[in-house]
Amino acid sequence: MNNDTLIPYIGVVTDIRQDTPDVKTFRVVSPDGGKVFEHMPGQCAMLSIPGVGEAMFSITSSPTNKEFMEFSIKKCGCLTTWLHAMDVGQQITIRGPYGNAFPVETDLKGKDLLFIAGGIGLAPLRSVINYVRDNRANYGDVQVIYGSRSKDDLVDYQEIIDEWMADPNIEVNLTIDNPQEGWDGHVGFVPNYVKELNPSTSKTVLVCGPPIMIKFTLAGLKELGFTETQVYTTMELRMKCGVGKCGRCNIGNKYVCKDGPVFRFDQLGELPDEY
Amino acid sequence: MLKISLDKLDKLFEAISASQTLYIPVDREDGAAEYKKYESGMKLSSALNTLRSAKDFFFPQTENLVDFKMEGKNIEVIDVREESEDFVIFGVRACDARSFTILDKVFLAEPVDSYYKNRRDHGTVVTMACARPAETCFCGTFGIDAAAPEGDAACYSDGESLFIEAHNEKGQKFIDSISSLLEEGDTAKLEAVRAKTREILKKLPLAHLTTDNFGGDKLNEYFNSDKWGELSESCLGCGTCTFVCPTCQCYDIKDFNTGHGIKRYRCWDSCMYSDFTKMAHGNPRLTQLERFRQRFMHKLVYFPANNNGEFGCVGCGRCLSKCPISMNIVKVMKALEVK
Amino acid sequence: MQVNENKEFQPLIVAFCCNWCSYAGADLSGTNRLNYPSNVKIIRVPCSCRVNPMFILRAFQRGADGVILCGCHPGDCHYTSGNYFTRRRMTLLFSMLDFLGIERDRTRVEWVSAAEGAKFAATMNEFTEAVKKLGPNRRLEDLRCRKQ
Amino acid sequence: MQEAMINRAKQLLADGAVNRVIGWKRGEFAYDITPAVFETAEELEKEFVYDDFTAANVSKYLVKESKKEGKILAFLKPCDTYSFNQLTKEHRVVRENVYIVGIPGGPKLDAEKIKAKGITGILGVKNENYTLKIDTVYGEEIMPFYEAILDKCATCKSKKHVVYDELMGEEGDVLDSNRFDMVEKLENMTAQERFDFWRDQLSKCIRCNACRNVCPACTCEKCVFDNPNSGVENKAPADSFEENMFHIIRAFHVAGRCTDCGECSRVCPQNIPLHLLNRKFIKDINSLYGEYQAGEDTTSRAPLNDYKQDDCEASIVHERGVE
Amino acid sequence: MQRIGVFVCHCGTNIAATVDVKSVAEALGHEPGVVISQDYQYMCSESGQNLVKNAIKEHNLTGVVVCSCSPRMHENTFRKAAAAAGLNPYLVEIANIREQCSWIHKDIASATEKAIILGKAAVAKVHLNAPLTAGESPVAKRALVIGGGIAGIQTALDIAEAGFEVDIVEKNPTIGGKMAQIDKTFPTLDCAACILTPKMVEASQNEKITIHSFSEVTDVKGFVGNFTVTIKKKARFVDETKCTGCGLCTEKCPMKKVPNEFNMGLDNRTAIYIPFAQAVPKVATIDPNFCMMMKTGKCGVCSKVCSVGAIDYKQEDRFIEQKYGAIVVATGFNPIKLDKYDEFAYNQCPDVVTSLELERLMNAAGPNGGTLLRPSDKTHPHKIVFVQCVGSRCDDSKGKPYCSKICCMYTAKHAMLIREKYPDTEVYVFYIDVRTPGKNFDEFYRRAVEQYNVHYIKGMVGKVTPRSDGKIDVQASDLLANEQLHIDADMVVLAAAIEPDKTARPLATMLTTQMDTNDFFTEAHPKLRPVESATAGIFLSGACQGPKDIPETVAQASAAAAKAIGLLVKDSITCNPCVAHSDELMCNGCSSCEKVCPYGAITYIDKEFKMPDRTIAVRRVASVNPAVCQGCGACTVACPSGAMDLNGFSNNQIMAEVDAICK
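Chains as they are written, first to last, in the working numbering: chain A, 1 to 275; chain B, 1 to 339; chain C, 1 to 148; chain D, 1 to 323; chain E, 1 to 663.
The hints are simulated quantities; they were obtained by calculation from the structure and are not laboratory data. All residues carry an ideal CB built from backbone N, CA and C; glycine is no exception. Among the hints, erroneous ones may be present.
[Said to hold, decoys possible] Pair by pair, the computed Cβ-Cβ distance ranges are:
1. 129/C / 80/B: 49 to 59 Å
2. 169/A / 80/B: 34 to 44 Å
3. 38/A / 228/D: 30 to 40 Å
4. 67/D / 221/B: 24 to 34 Å
5. 319/E / 228/D: 44 to 54 Å
6. 228/D / 215/A: 24 to 34 Å
[As the list claims (entries may be wrong)] Heads up, incomplete: computed chain B residues facing chain A, CB under 10 Å, no partners named:
7. 57
8. 70
9. 75
10. 87
11. 113
12. 115
13. 227
14. 251
15. 290
16. 294
17. 305
Given only the sequences and the hints, what does the whole structure look like? Please build it.
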């Protein structure tokens with residue numbers, strides 16, 4: 001019988017990195033080494049510990065990484081608590097890739113890109129940013145605006161400092177919500193920072209973060225003259241099958257797991273307000 | 001058309017079940033009909049339809065997907081799939097026959113659901129035309145002719161004989177396997193019976209219900225309708241409608257720890273359940289109104305939007321007679337309809 | 001269920017014992033070296049009234065062949081009234097299991113005081129024998145949990 | 001009756017004594033009645049119905065409705081008043097927010113019973129001197145009224161309203177019912193026969209939760225079977241054990257609280273006689289701990305929350321009946 | 001991921017002889033989450049404990065399983081060891097592989113297998129253990145004693161002696177109780193008043209003791225260490241602070257025909273009265289039912305004669321509220337009413353009296369100044385019949401099923417005293433059997449029979465009939481001689497059963513303590529905790545718990561005081577952390593749990609909740625007071641939604657054990 005997407009592969013956790021107090025990044029490879037499967041930036045995978053639970057996570061590593069996949073996971077439920085407690089060498093089950101991806105090879109190609117992320121929202125965008133960095137010639141200006149509650153809550157801070165900020169080809173703007181010792185960067189909420197920075201409306205925007213941040217950022221962008229067709233985001237909904245059959249992530253005629261999770265805001269506008 | 005005398009039905013069933021598993025609707029003690037694996041002596045039910053729909057044959061209420069063995073940090077994945085045996089479902093009504101087409105659109109769409117396909121490939125659907133439709137029937141609304149059911153092969157009765165014809169290769173193979181019992185018959189009387197059935201279908205109370213005003217383009221006007229509150233207010237949030245429905249296919253995937261391994265299985269789920277969309281950090285459908293709306297919007301708007309106007313309902317009427325509070329798709333359609 | 005070399009059926013017995021009387025009674029039968037079969041596995045609960053019918057069904061689901069509940073004698077409950085509630089709950093539960101055709105001898109309530117080590121051992125011997133006679137629990141087991 | 005009820009409801013609405021009415025709304029056919037809340041005289045005029053098919057017990061809706069602003073008028077049949085009282089006792093309804101009009105009860109009709117006679121294509125049902133004249137697309141059919149009544153009405157326990165603010169019609173009495181006959185019959189079977197009986201019945205269960213969701217005693221904020229942390233969460237009967245588990249525990253959770261309103265069996269799409277489980281508990285409670293009718297009052301102690309020092313021992317189960 | 005350590009004890013050869021401890025340690029080492037699994041000779045020894053402590057530190061353990069003897073033996077030892085190593089003590093579980101395994105099984109293979117399963121169950125449970133912290137709750141340093149009889153007085157004196165404030169609430173105008181009415185005490189025959197009144201005075205003079213006489217408890221809130229009690233000080237229409245107890249008012253009061261309850265109604269008192277000469281407090285009280293001033297507004301004599309102006313006809317009931325750490329119930333007893341005993345003619349004939357009435361008749365301060373005279377004609381009785389067990393040990397609904405315990409002895413006392421003082425009087429005692437356990441009791445009884453020639457007749461009195469000549473015909477059967485007797489008695493004395501005071505039942509409800517069917521308070525444990533109620537902080541003193549004689553009452557009163565003092569010396573009480581708790585989001589507020597809680601630990605509150613649909617709803621939810629809950633778990637099963645769970649024995653923990661055992 002053919003492989004069925006509901007039957008998962010085995011992945012081995014080879015590295016666990018404590019990113020923030022409640023976010024860890026897990027490196028997953030196939031038991032034989034190498035990646036379990038290929039994906040495009042923005043796509044997701046179903047991770048599970050049998051008997052504990054299964055959930056969808058966006059793949060935070062770039063497809064250009066040929067050795068492993070990474071997942072940045074915030075501790076919030078039963079499964080994530082378990083994942084946070086495990087040690088290196090633990091096997092997990094993994095299936096995917098699921099969902100659409102950011103249109104990095106089509107609509108985004110050649111465009112100036114503005115990434116706006118808040119908190120754990122950087123996770124799905126990190127995949128795109130690194131993909132873009134690795135295919136730098138295909139894109140115009142790249143700007144990243146990233147904020148979090150505090151310095152400690154910035155996911156992948158080390159990579160941001162060591163690689164992104166060191167990369168002359170991209171502009172990185174960091175902010176934290178409240179002043180903090182040892183932080184001489186910008187202080188303030190992401191939506192306000194975006195307005196302050198007043199990015200050019202020629203840019204295509206990829207935004208991800210908590211719903212309230214997205215709401216105000218979008219409003220701010222509109223004030224600045226951006227249109228909904230310029231802004232992409234990625235959604236999170238309860239999913240079970242990952243292939244648009246189980247019905248759980250159905251909104252209007254879309255299935256987030258299959259038709260999403262990446263949507264342009266004008267597409268989202270056509271959907272019923274149920275997310 | 002080929003036929004067999006109705007009093008030789010036993011022989012027909014014996015012949016079919018000799019080569020493969022046969023399921024026929026039989027009467028239960030409580031008067032309701034249900035599909036049973038044929039055993040000698042069983043009588044075909046004369047009821048209009050089975051209490052449960054026929055979807056169970058291809059999409060059972062629970063099914064084991066995969067097993068895991070956990071040992072230290074290691075996980076072993078055990079593929080539990082087995083090639084299905086060949087089987088025949090006999091006596092499927094037109095509405096249920098159409099439901100398979102609808103389920104196919106979900107489960108056979110890429111990526112194909114191998115569990116469903118496995119059974120679909122091995123199952124032959126032999127339908128049976130209706131003769132005495134009930135007041136709850138409204139298959140006509142969805143373009144289904146109860147007197148001419150779809151399926152791999154179809155049967156019709158004129159009161160004396162059972163006529164049988166193939167609709168496809170699988171159906172033909174089925175007829176070939178029993179051809180020794182069949183003889184060519186005159187369909188004149190049958191045509192009269194079918195004409196009469198169609199007359200009755202026109203007289204049914206729901207005969208005039210149409211889908212003209214529903215479909216994929218009606219999303220916003222129906223989604224935002226102010227009728228949902230009133231319609232859903234007495235909904236108990238149970239799963240009866242979903243589970244008796246031949247087209248509802250939402251499912252959940254769960255793990256069961258047997259003590260010596262994990263069984264991952266899927267089971268029917270209902271969008272009417274309060275925890276259907278519940279996540280660790282919230283629920284986008286908080287009230288029964290939203291959950292109730294989802295079920296009907298899906299059948300009447302979302303499904304047609306993705307499937308060339310085909311609706312997610314076949315008018316079998318099960319939900320009409322089984323809903324504990326008698327709220328159903330017909331009432332919803334009538335209340336919502338914007339001309 | 002366990003099967004040893006002699007192929008004699010060895011039932012699995014789960015015994016819920018209240019901390020204050022029956023568990024102490026079980027300890028006493030140990031102190032006095034009064035044998036009872038190793039089929040019996042004890043779970044300590046503060047009071048017999050802590051035992052939820054769900055625990056009993058759970059044990060049967062997972063492969064127990066008999067479940068026995070032991071508590072202080074009526075009137076002697078450490079918490080004054082716990083075992084009176086237990087008595088009503090278990091009477092009704094067992095009656096319901098009986099109503100569903102589950103063998104009566106698979107369930108039992110016995111009052112064993114902290115001083116009744118002998119009674120504890122005798123009860124366990126008796127109960128294990130009774131369950132052994134019934135054979136494996138088939139009517140209230142979960143096939144998925146059956147050991148291959 | 002229906003006219004009188006509509007008039008009384010309109011009057012109470014007009015007086016401002018209540019601002020909503022819970023009752024029943026007519027459907028597409030003669031029998032598909034839906035419980036509904038009415039807010040205006042017009043709605044009442046147009047859609048309120050009370051006839052031989054208005055069997056649904058509306059008291060459970062009052063858990064939610066009585067917590068809303070204002071007062072709601074509830075028409076309660078005798079059996080419904082027991083449910084309501086029990087809910088009051090358990091603090092699940094706000095008694096002050098409900099104006100109860102006691103109305104005469106059944107026997108109510110069961111459309112399934114009519115259909116089971118082979119009568120189909122039903123267009124209308126008329127009760128003429130306890131003979132049902134059923135108009136169908138296939139012509140008129142006749143059947144005796146009492147052959148079509150709901151099982152729960154056939155074993156009615158009481159025609160008395162145990163709580164009301166006003167009464168329409170005359171007050172009835174607690175009946176000497178034969179409701180335990182079937183339980184007794186099962187008790188007199190052998191264990192194997194009982195096991196086979198229940199296996200046959202419970203294997204039909206599709207876990208639609210209709211029995212639970214309609215049950216006025218099942219008003220938990222979160223049912224253990226829906227709660228992933230309860231350890232017994234279960235959505236579908238993957239094994240015969242789970243069919244048993246759900247129904248045993250559900251019956252146990254409502255034991256001593258179930259008023260025997262019979263809604264569970266009425267709504268079961270698979271016609272499982274679930275009420276027998278509840279009645280078994282009721283019968284046991286009556287015989288072992290003294291007669292007790294849940295919902296009869298709002299103050300008595302539920303039998304499972306009570307005890308006597310000389311209660312029988314659990315071994316009584318082993319000592320009585322046939323094996 | 002859990003990091004669990006497993007420690008398997010050999011217990012010398014106690015375990016190791018029948019359980020292969022090495023394989024147990026080996027097998028449990030493979031269980032999920034187990035990072036270290038060791039065996040050792042004596043795990044409870046200092047070095048064994050160090051093994052555990054070191055492993056906790058070294059492996060940063062999140063849970064410890066010790067496979068050893070019964071947890072009843074060493075659970076605390078290992079909990080303390082864990083705590084010493086910085087691990088929450090409630091993350092330790094014991095698998096009992098000695099008493100419940102090695103000591104009862106002989107076959108090594110099956111004992112080892114069972115030990116492994118028990119170990120697995122403990123590992124499965126410890127996975128779900130949560131760190132628990134025992135809560136603390138402050139203790140109000142004041143005790144309340146309800147009832148001012150000898151029990152209450154003794155308890156109050158003992159508590160005061162230990163240095164704590166005590167309040168006595170007495171419903172009558174004076175403390176003293178039943179003992180004050182008694183003439184002499186058995187078996188020493190010393191005068192009751194002589195030994196009681198000094199104690200009464202001591203109580204009134206002790207500055208730690210406050211006496212609220214003529215007062216009642218009307219409300220009790222709170223829990224152990226923290227009770228808030230409302231006391232009603234009934235209006236006595238005399239200002240307590242001014243009244244000197246001179247008694248002039250009682251002499252001058254014109255209303256002199258009030259039945260005197262202190263003398264059992266055998267004589268009269270005035271409307272303003274002091275119950276007896278040694279009353280404490282010695283303060284007058286006006287009986288408003290008889291006072292002319294109160295009834296008609298005409299009189300006011302007492303007010304006129306009172307030199308200190310203490311009379312206040314307008315006085316009203318006052319309520320005071322006070323916080324207490326402990327409450328001692330000492331509500332005492334009363335003889336039952338004999339209205340139903342027509343066969344003894346108690347209501348028909350004044351010369352048929354109860355034993356307590358006889359006490360008054362014989363008392364020097366009684367109606368006859370100590371001379372025993374018949375109440376009817378004030379003549380000297382020559383033949384007295386005592387009837388035992390009137391209402392005691394009865395099967396029928398008229399009486400009490402229990403033995404009243406004191407009657408045999410006081411009857412012997414009465415008989416003896418009468419025979420001593422009036423040797424010409426014949427005394428008959430009809431009994432079922434004579435019960436005289438107690439120091440010097442049987443000797444006392446035998447003296448009555450042998451020395452004083454009291455006629456003890458085993459038999460029942462069938463009928464008592466007053467005759468027109470003033471004699472009383474007593475029909476009885478002598479069971480030993482097997483003959484019917486007729487005695488023409490002058491007096492008949494009935495040993496009426498005693499029963500708890502009527503105020504006890506409503507009080508028990510207020511205190512959420514339990515009572516038996518006879519309305520005696522139920523002790524927390526019949527053998528081991530006889531002076532505590534099941535409700536923490538409520539203690540039982542004297543006959544409210546069961547029939548008692550004076551020495552027993554005083555002993556129990558001191559025991560109750562000791563228990564109360566044990567509580568009051570603490571600044572705060574450590575609560576058992578293994579208590580029930582309710583998940584408010586799942587709680588239905590149905591009150592089932594409250595109904596089965598023996599401690600009244602569950603209350604209901606209306607609480608605002610943000611509902612998932614963003615509305616605010618007020619819901620009734622259960623709230624467990626962890627200071628009161630004892631952790632039995634009755635509520636967890638009564639709760640259908642599973643909102644109620646028990647720390648340390650949660651649903652999931654027990655189910656994990658079941659799963660592990662059945663695996």
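Out of the numbered hints, which ones does the structure contradict?
-> 1, 2, 7, 10 and 13
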